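Residue numbers (the numbering used here), protein chains in the order written: chain F, 1 to 351; chain P, 1 to 351; chain B, 1 to 351; chain V, 1 to 351.
I should point out that these hints are in silico values taken from the structure, not numbers from a laboratory.
A quick note: this is a predicted structure, and the numbers were derived from the prediction, not measured.
A portion of the hints provided could be inaccurate.
Put simply, identical chains are the same to the list, so a pair is met inside one copy or across any two.
List time: in silico DMTMM-like cross-link candidates among lysine to aspartate or glutamate, alpha-carbon distance up to 25 angstroms [to be verified]:
id, residue 1, residue 2
1, Lys206, Glu289
2, Lys303, Glu57
3, Lys345, Glu222
4, Lys345, Glu273
5, Lys44, Asp291
6, Lys44, Glu289
7, Lys206, Glu221
8, Lys206, Asp291
Chain residues, written in single-letter form:
4 protein chains.
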Amino acid sequence: MSAKIPVGVLGATGMVGQQFVRLLQGHPWFDITVLTGSERSAGKPYGEACTWVVSGEMPPALREAIIQPTTPEMDCRAVFSALPNAVAGPIEEELAAAGFAVFSKAASHRMDPDVPLLITEVNADHLALTHIQRRQRGWDQGFIITDPNCSTIGLAMALKPLHDHFGLEEVMVTTLQGLSGAGYPGVSGFDILDNVVPYIRNEEEKMEIEPLKILGRLEGEEIRPAEFTISAQCNRVNVRDGHLEAISVRLRREASAEEITEAWQAFRGLPQELGLPSAPEQPIIVRPERDRPQPRLDRDAGKGMAVTIGRLRPCPLLGWKFLALVHNTIRGAAGAAILDAELMKVQGYLD
Amino acid sequence: MSAKIPVGVLGATGMVGQQFVRLLQGHPWFDITVLTGSERSAGKPYGEACTWVVSGEMPPALREAIIQPTTPEMDCRAVFSALPNAVAGPIEEELAAAGFAVFSKAASHRMDPDVPLLITEVNADHLALTHIQRRQRGWDQGFIITDPNCSTIGLAMALKPLHDHFGLEEVMVTTLQGLSGAGYPGVSGFDILDNVVPYIRNEEEKMEIEPLKILGRLEGEEIRPAEFTISAQCNRVNVRDGHLEAISVRLRREASAEEITEAWQAFRGLPQELGLPSAPEQPIIVRPERDRPQPRLDRDAGKGMAVTIGRLRPCPLLGWKFLALVHNTIRGAAGAAILDAELMKVQGYLD
Amino acid sequence: MSAKIPVGVLGATGMVGQQFVRLLQGHPWFDITVLTGSERSAGKPYGEACTWVVSGEMPPALREAIIQPTTPEMDCRAVFSALPNAVAGPIEEELAAAGFAVFSKAASHRMDPDVPLLITEVNADHLALTHIQRRQRGWDQGFIITDPNCSTIGLAMALKPLHDHFGLEEVMVTTLQGLSGAGYPGVSGFDILDNVVPYIRNEEEKMEIEPLKILGRLEGEEIRPAEFTISAQCNRVNVRDGHLEAISVRLRREASAEEITEAWQAFRGLPQELGLPSAPEQPIIVRPERDRPQPRLDRDAGKGMAVTIGRLRPCPLLGWKFLALVHNTIRGAAGAAILDAELMKVQGYLD
Amino acid sequence: MSAKIPVGVLGATGMVGQQFVRLLQGHPWFDITVLTGSERSAGKPYGEACTWVVSGEMPPALREAIIQPTTPEMDCRAVFSALPNAVAGPIEEELAAAGFAVFSKAASHRMDPDVPLLITEVNADHLALTHIQRRQRGWDQGFIITDPNCSTIGLAMALKPLHDHFGLEEVMVTTLQGLSGAGYPGVSGFDILDNVVPYIRNEEEKMEIEPLKILGRLEGEEIRPAEFTISAQCNRVNVRDGHLEAISVRLRREASAEEITEAWQAFRGLPQELGLPSAPEQPIIVRPERDRPQPRLDRDAGKGMAVTIGRLRPCPLLGWKFLALVHNTIRGAAGAAILDAELMKVQGYLD
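Make the full structure from the sequences, and use the hints.
Laid out in structure tokens, this is it:
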């Protein structure tokens, strides 16, 4: 008899879906009982329909699991959604209405006023929106929680301690993003070899708006966005995993390099306080070397759940500049949503 | 009987040295009569001492040429210096004193007040410094002209029309630079595979100061630096050739996207007017696609002598942002210096 | 008024289709009048339906050309077929029956007894099959000529001089094949980064049988296959273009390294004798360096139409081993078919 | 008080030296007390002299350890030698004479008649040579054990079960070897990007002779080499770790695919019987997929200590062909030597 909470992975055959499956393997609280996929995959065993591309092997126990269509008939309490943006919107609402706890990586509901855009260490207080959401939408047990864009997560985590301690006024960020961010098969090997593709559809738009909601303040029944300006330039580089971000910031209050570093290193959130299973010991790791973070060397820090920062130095224009690195399919996607679910479980939302 | 001007390539076995050799092959005005190298190479045939790594084959006629040490006894009128920064300083002065026209890729003399930091299309008027240089240093026929840093060249060319038409106030640039910028053998294949190295020694410092001299105004006997601020973040990516730069600018006067694009496309300099052999037809090419420039697709534009620009769009922070790409060992190094020499030849400096 | 022969490119939006278009640009004898594509592309301008990925730019004159379906109503004399194997078979027959000269890169008809599997330098005499083909199939002006598999072409060209001079008994080949061989978008960048994929569907089968037909002897109305054994292992590596092949051979007669090298270097075919426009001066180039051929350095030899060979040395097992390199989309595909057409034009087949 | 055996790592700053350090971290039986390096490194803290490039972080406890020169005064019982071949020969002899147990990755003594060329699962009985070695060389407690070449280890392990069950007559192997095999910094990133280098100095020679000694039979006081013929072609590909080998074999007795697969899967050696700490559960893993092994997916099988085999299929020339993959710096180097030491510790050689 298992007391674990039965969960489903929606869009389980894709890159992020696979990371959900991999990270939920042997999870102390959650147990995968449902895998869903597109019409093309539904009805087939997972081991046959899914080209496993994330690290390690597909969990043997799931190889024979039959992929289901995504419907309110699924037998589980919570779902992790790696559905494509194009279809996620209405399905996720339908599921929440049917009583499912929906933790979504899709972009569809991120900017809905009553939906938390959650990074557990950063804005756990936004979970209060869940009640408003249920009331307004007439939902009972169900709700929708969204994960920010993968690049946004790295940026917002790096910004959070700065915002809290010194205030943010302006942020400039240029990204060098890994291939897995484009899903699978994603970018053609022919296109990216000996090359950079300086364009990622809708990515800059997301990075310029999402952090403002995440770092916004819950006032009454809504989030009042943080008031600073972000400009983003996004590039795809020939790296498997890991989004590297070159960031410049203008702070509202003066701060020394030591104070900034201390703010990052001392940063902890609810997941650390509560000792959640997927919480990294330190959400932000500051490397002292002059040439770090590097994607291959640092993306797996904290089992892929820590953001690594380095090269803090004065910016002639905005004041300070530095680099941040996030593992885009773990902290930037599946791992983040699982951490959300862990927090909400502890807070009683999944009872 | 050849009426060509005899030239030497200093540091001919390195990456930039080889580009000099390659680009001077069959040059209508210059003829390589001297190749120099380090102590380890001197005395050996070029074909033996040099691992040819740039495109095409080593010119057969030079395979047997014996590499010389770099001394004032060399038999030529002008020299193209690809010497390492560590040794270039005093040697180049000694050569200029001995009457050589020195076109240098080394960083040693770039910021000397009486030495032009030249991009032929951008600041040909700075050549007037040559007279001051000769007078102050007591040199007769010799002089030193310097090439900017490879990343600087791409940036300064992209900025020139903006500076002229709209005025520049602030510039933010993040680079994604190719491997050849690190020379040969340069970056270890093991280090750069599936990775980005977010640090290039001294590169950010150069990019933040050199454009101000290049875009500065010659007033009396000195250059008055341009008055705007630059902040640079430099990264090495797994690309063979080509430095891609993500740039944001704040202009002094309002400008529409059309006006900016027109300023770039209409941009021409003396090399184009004079039809110099190495001059690209258009120094700046603006691509209309949403995902260009890309290093592999655009680095060879104008035989590697044109800078390619794309993705001009509003920057929420500074006003406008865009991408620029420069072939770092051609327009960003050897090709630029050869173009300098062509201009000075036409202007009578090499008589 | 143009006296050029009007030609069509079938499957013009794919990797090989694009190479046809690129190589036919400014061709002295052929003029592209038709571009065809799948249902999804038909009716659209080429510049819109085709993501141009081969080197250089799409010929401006073709950007507005409307892609047609592949039908016998096309207005041209000859067609270069880059159709997918799955559909090429019946369409190509239909076109030949309708009077078109069909030069096909598809695998469908390669092993038909009455269809030449042509490498112009190797087995031009097999063109006599064309008459048999016409007679047997009741075709009048039309015919089908096939190009071998891209890896086969490199192998068969390297083997031809050995077969002629010393006789072949056994051939072992292991390939390291570039990404463009998989078409576009082809292999996922995520899969091939930091990796090798040791499997290419149907490739080993083709390499083990096609050379026997190519090097076979025309006896009466049929080709008698060459009598030697080939074993092939095929791997995909992270290289853009170029198939490298590590080959061991057992010869029937004793031969010295000098004799073998001489056989390769002296090798010429009809294209060289006739000075055909696309013929490389030397079909086989032997490099003396100990570490060549290398894909990036040697694939463009002879404008991509020459096969480069190196490292001939004794094989303890079969007698001799060496490496051969072929540009898979030029000599190994589009360029080969164009050379076929040039030869047949000169021989009057296209009148 | 630690009962662990004190060991030294010779050449600890290089790629293989670092793997020794990494794998010996927390080892149950061995404790690193000495790190040695070249003159340039000696006297410096390990954390300063060594650019750590293998996975994970440098063990914090060793960061301050001072690098020593390699001398008989070192304070340890056994040494793992990652010395360059050029210097390893005489130093290793000197150390063995002084009483050290020397486990060497260097090539210097591999073919000495009285030195075991050991793969613990394959030829543990060759350890008897140690006694002969001591007697002949007049050594007391010391001895030299050598590790084969990294590519040889993968090949010899794959061949061992075939040799035992069916007899070997002929072996053809073409390798696709990762960058770490060339040490650090090793191959230039500029050279290997979009390329293959079909030459590795002395590698083919080693692969053609070493397996014959390894699979040879100890007769009286010497090894009688196995009697079959090997031909090798070695290539460097743009892969970080992992040597992939395309192999064809002619067996002496007929065997079915099932029998061969069974021989591989059932294969175990002393390390497995004895449950040595570094022994993989299964020395050989056979993958059923049609496109495996792949370097990135399979190199870490058995913590890098297992050889992965796949694609067994008939070879028209020799009978059978297949692929094998070995992690070159773990099973192919440091891990293999540590396993040697574990076995000899259990057998009492290190008392």
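A quick look at each hint next to the structure:
no. : hint               : in the structure
1   : Lys206 with Glu289 : between (31 angstroms within a copy, 21 angstroms between copies)
2   : Lys303 with Glu57  : both (17 angstroms within a copy, 14 angstroms between copies)
3   : Lys345 with Glu222 : within (23 angstroms within a copy, 68 angstroms between copies)
4   : Lys345 with Glu273 : within (15 angstroms within a copy, 46 angstroms between copies)
5   : Lys44 with Asp291  : between (47 angstroms within a copy, 21 angstroms between copies)
6   : Lys44 with Glu289  : between (49 angstroms within a copy, 18 angstroms between copies)
7   : Lys206 with Glu221 : within (23 angstroms within a copy, 51 angstroms between copies)
8   : Lys206 with Asp291 : between (28 angstroms within a copy, 18 angstroms between copies)
Hint compliance for this structure: no hint is broken.
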